[in-house]
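*Asks:* With chain A's structure known, arrange chain B on it following the hints.
Protein chains in written order, with the working numbering: chain A, 1 to 237; chain B, 238 to 474.
Misleading hints may appear alongside valid ones.
Said to hold, decoys possible - So the derived label-pair ranges between C-beta atoms look like this:
# : chain 1 : residue 1 : chain 2 : residue 2 : range
1 : A       : 81        : B       : 471       : 28 to 38 Å
2 : A       : 165       : B       : 368       : 49 to 59 Å
3 : A       : 174       : B       : 471       : 12 to 22 Å
4 : B       : 277       : A       : 60        : 22 to 32 Å
Unchecked claim - Negatives, chain B to chain A, calculated, CB over 12 Å:
#  : residue
5  : 277
6  : 290
7  : 305
8  : 309
9  : 368
10 : 369
11 : 371
12 : 409
13 : 416
14 : 429
15 : 469
These are computed hints drawn from the structure, not numbers from a lab.
This structure is a prediction, so every number in the text was calculated from the model and none was measured.
Note that the Cβ used here is the ideal one computed from N, Cα and C, for glycine as well.
2 protein chains.
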Amino acid sequence: MTESASRAPATTDRGGRPALSATSRTQHRRLREQGSADRADLRAVLGAGFIAHLGLIVDGAPMVLPTSYGFDDEHLYLHGSVASRSLQAEPAAEVCVTVTLVDGLVLARSVFEHAVNYRSAMIYGVPRLVTDQGEKLRGLRCLSEHLAPGQWDYARRPSRKELAATSLLALSLDEASVKIRTGPPGDGDGPDAALNLWAGELPLISVWGEPVPDPALPAGISVAAHVRARVGTPAFD
Amino acid sequence: MTESASRAPATTDRGGRPALSATSRTQHRRLREQGSADRADLRAVLGAGFIAHLGLIVDGAPMVLPTSYGFDDEHLYLHGSVASRSLQAEPAAEVCVTVTLVDGLVLARSVFEHAVNYRSAMIYGVPRLVTDQGEKLRGLRCLSEHLAPGQWDYARRPSRKELAATSLLALSLDEASVKIRTGPPGDGDGPDAALNLWAGELPLISVWGEPVPDPALPAGISVAAHVRARVGTPAFD
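Isolated chain A, as found in the complex:
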């Protein structure tokens, strides 16, 4: 995984972190907000989220669209319909896909030090329209199972006609970076600590709720076991 230094902050790698600076304050901050170019970190963030923000250039201006995604070892998969106009206009245009998970608010002693604990992945590349039917089916399955695990085998799979009407984009995971902030605020060892104000993290907890049946559903059809099993479990772990 590479990262273009010209457009993202310098990253560190588990094997070769840049030297930390001299003060303990800066040291802490570095450790709390870290860039990573590790593929395992990228996979962890992509695995935890299910909505991405796709950045395109349309008529010379940026456009950011929310969309679901799937991924395997090599690619991120997106529905082509999201980017259809842009793709028609510029089939070989670069995109940026960002997945962000918010873990909590960082409440500091000073307003200036407030922050957000988050995990974020950014992927750059030129998406490829998937034309091979086998790859298309695998990619769509990836996308479907990432959003709603178990539904590919439970629900009716795409017909030949539906497959033909669906376009799928594959984006290489080769150019990506991850940024994660965890932990308390950075002003615990500075002069503001003497203010004796409460400081810490307010976590954001996201879980799957109780399934709401479609009102059109006939009586006697119970929630599928794989759906029922998600109730109460964390959504972004």
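*Replies:* Using the frame of chain A, we list chain B on its own:
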């Protein structure tokens, strides 16, 4: 609020919805996923979220960055640091800011009809660097109070030096659109209803968790009442 037809789906307005098409199936779908150009809807989405995805063009390619935001009746406020490199290179460049809230998964009878219930706002414009000190302080307060309500009065406010070191961007809310999907899947009245599979919504519930004190905090400092009051309350209402 206007919307450029060349780059976003046609919107409807409460006062003048486009005529719905003939079939009940299409009618349902239209009602479930709606565009809006109502300022009240825009305010509701911006008020419910607190993380935006900012789309910029950097070196000719799109870049999407997560960032916190605040807003008032006229503007969205963003920290200038998020876009600093881009702003230096192209001070009058257009951006797109998207705020998305995920409300649940839409589990249909066919994989093809799966969807996500969400609320999303997109704002387009050329951000303005706020130089007036009064506006800057009001904007920063907006941003701070939207992310962490109550902290502006509780924590230490920015010093003159901190204010000088902070840059603030204001983006007009004049060019924006909102898109919302709610409700069950769209295949409840189609042929797949006969499959007798469970279908409905799996809601995503996000609440504020129990505050985690900074380990550097001396004993005896209790959680501020305005922070305590958020525990267990919905995060994106």
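*Asks:* Now tell me, hint by hint, if it's right for this structure.
*Replies:* Results for each hint:
1. A:81 with B:471: 28 to 38 Å: About 31 Å separates the Cβ atoms of residue 81 (chain A) and residue 471 (chain B), which means 28 to 38 Å holds.
2. A:165 with B:368: 49 to 59 Å: holds (51 Å)
3. A:174 with B:471: 12 to 22 Å: violated (39 Å)
4. B:277 with A:60: 22 to 32 Å: Since the Cβ atoms of residue 277 (chain B) and residue 60 (chain A) sit about 31 Å apart, the hinted range of 22 to 32 Å holds.
5. 277: The claim holds: residue 277 (chain B) sits with its nearest Cβ about 21 Å from chain A, beyond 12 Å.
6. 290: violated (4 Å)
7. 305: Residue 305 (chain B) is in fact no farther than 12 Å from some Cβ atom of chain A, at 6 Å.
8. 309: Non-interface label on residue 309 (chain B) holds, nearest chain A Cβ at 18 Å vs cutoff 12 Å.
9. 368: holds (19 Å)
10. 369: holds (19 Å)
11. 371: Consistent with the label, residue 371 (chain B) stays out of reach of chain A, its closest Cβ about 17 Å off (over 12 Å).
12. 409: holds (15 Å)
13. 416: Non-interface label fails for residue 416 (chain B): nearest chain A Cβ at 9 Å, not farther than 12 Å.
14. 429: At roughly 6 Å from the nearest Cβ of chain A, residue 429 (chain B) sits no farther out than 12 Å, so the non-interface label is violated.
15. 469: Given that some Cβ of chain A is not farther than 12 Å from that of residue 469 (chain B), nearest at about 9 Å, it is violated.
When the structure is compared with the earlier hints, violations turn up for hints 3, 6, 7, 13, 14, 15 and for no others.
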